[in-house]
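Line by line, the protein sequences give chains A and B. In terms of our numbering, the first sequence has 97 at position 97, counting the first letter as 1, and numbering is strictly consecutive. In terms of our numbering, the second sequence has 165 at position 53, counting the first letter as 1, and numbering is strictly consecutive.
Wrong hints could be hidden among the right ones.
What the hints assert, rightly or not - When the alpha-carbon atoms are kept at most 20 angstroms apart in a straight line, the in silico SDA-like pairs for lysine to any residue are as follows:
(1) B:Lys220 with B:Pro121
(2) B:Lys167 with A:Thr100
(3) A:Lys44 with B:Pro152
(4) A:Lys44 with B:Pro121
Claimed, not checked - Computed list of chain A residues with no C-beta within reach of chain B, every gap over 10 angstroms:
(5) Leu13
(6) Gln17
(7) Thr20
(8) Gly53
(9) Asn62
(10) Gly63
(11) Tyr64
(12) Asp73
(13) Arg77
(14) Leu78
(15) Thr86
What the hints contain is simulated information worked out from the structure, not anything from laboratory work. A virtual CB, placed ideally from N, CA and C, is assigned to each residue, including glycine.
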Amino acid sequence: NAGVTQTPKFRILKIGQSMTLQCAQDMNHNYMYWYRQDPGMGLKLIYYSVGAGITDKGEVPNGYNVSRSTTEDFPLRLELAAPSQTSVYFCASIYEGTNTIYFGEGSWLTVV
Amino acid sequence: AQTVTQSQPEMSVQEAETVTLSCTYDTSESDYYLFWYKQPPSRQMILVIRQEAYKQQNATENRFSVNFQKAAKSFSLKISDSQLGDAAMYFCAYRGYGGSQGNLIFGKGTKLSVKP
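I would like the entire structure built from these sequences, with the hints used as guidance.
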């Protein structure tokens, strides 16, 4: 999964703090996604983007914001962190030609 | 909205035996894509197999094959000759087509254990 880079890999936040999870891909993919995965659960879609300047909400967008100013970058912003946002966050992009999904390695976030 | 359901939270199989993981989905679209992903404890997401809905032939990748029943909206994964390395979480996923390509939805997963 070298094509999708997520930073940071681990982060501990205090309640009420804000932070941005970075996601970048160098494959010129239009579609990008942010998911969260709670322990023992599947991936829930937070936000997605179909191209630069275009974003849309997924299943669980509350407490998050995104932007897509370039094709390469799709940062996820957490405002006023809450313990319920403790999770592993995955960024993904899709190569349309083969419908291949590329995942980042995940970002482990703990809110205390 | 589309949904993906995996009704088996956990499954167990003996090494070298065959196991089938279930997945059903709900959609009003006629064209879409379906996937099975494997997630080991490292949390890495590994593509197992992919199926285009317009293709009637079931996809196969070595020991992994699917039973795609479009009318029943069912997409089960069969693992033959199970190996210890197959132990992992398995997720079924749906992706829309055309204007719905933004929809990439995952099921809750099935935890597969392989007994030696």
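Going down the list of hints, with the structure as the test:
1. Simply put, Lys220 of chain B and Pro121 of chain B have alpha-carbon atoms about 8 angstroms apart, close enough for the 20 angstroms limit, and the pair holds.
2. Between the alpha carbons of Lys167 of chain B and Thr100 of chain A the distance comes to roughly 17 angstroms, so the proposed pair stays at or under 20 angstroms and holds.
3. With a CA separation close to 18 angstroms, the supplied pair Lys44 of chain A and Pro152 of chain B stays within the 20 angstroms bound.
4. A threshold of 20 angstroms between alpha carbons decides the hint, and for Lys44 of chain A with Pro121 of chain B the separation of about 16 angstroms falls inside it, so the pair holds.
5. Remark: the non-interface label on Leu13 of chain A is consistent with the geometry, its nearest Cβ contact in chain B lying 19 angstroms away (cut-off 10 angstroms).
6. No beta-carbon of chain B is positioned within 10 angstroms of the beta-carbon of Gln17 of chain A; the least distance is around 24 angstroms.
7. Every CB of chain B is more than 10 angstroms from the CB of Thr20 of chain A (nearest about 21 angstroms), matching its label as outside the interface.
8. Annotated as non-interface, Gly53 of chain A keeps its C-beta farther than 10 angstroms from every C-beta of chain B; the closest such distance is 14 angstroms.
9. Chain B leaves Asn62 of chain A outside its interface by the beta-carbon criterion, the shortest separation being 17 angstroms against a cut-off of 10 angstroms.
10. Distance to chain B confirms Gly63 of chain A as a non-interface residue, since its nearest Cβ pair spans about 20 angstroms, more than 10 angstroms.
11. Every CB of chain B lies more than 10 angstroms from the CB of Tyr64 of chain A, the least distance being 16 angstroms, so the non-interface label holds.
12. Asp73 of chain A, annotated as away from the interface, keeps every beta carbon of chain B farther than 10 angstroms; the closest lies near 18 angstroms.
13. In this structure Arg77 of chain A is separated from chain B by more than 10 angstroms, as the shortest Cβ-Cβ distance comes to about 20 angstroms.
14. Against chain B, the non-interface label of Leu78 of chain A holds: every CB pair exceeds 10 angstroms, the least being about 19 angstroms.
15. With a minimum CB-CB distance of about 15 angstroms to chain B, Thr86 of chain A clears the 10 angstroms threshold, and the non-interface call stands.
Every hint from the earlier list agrees with this structure, and none is contradicted.
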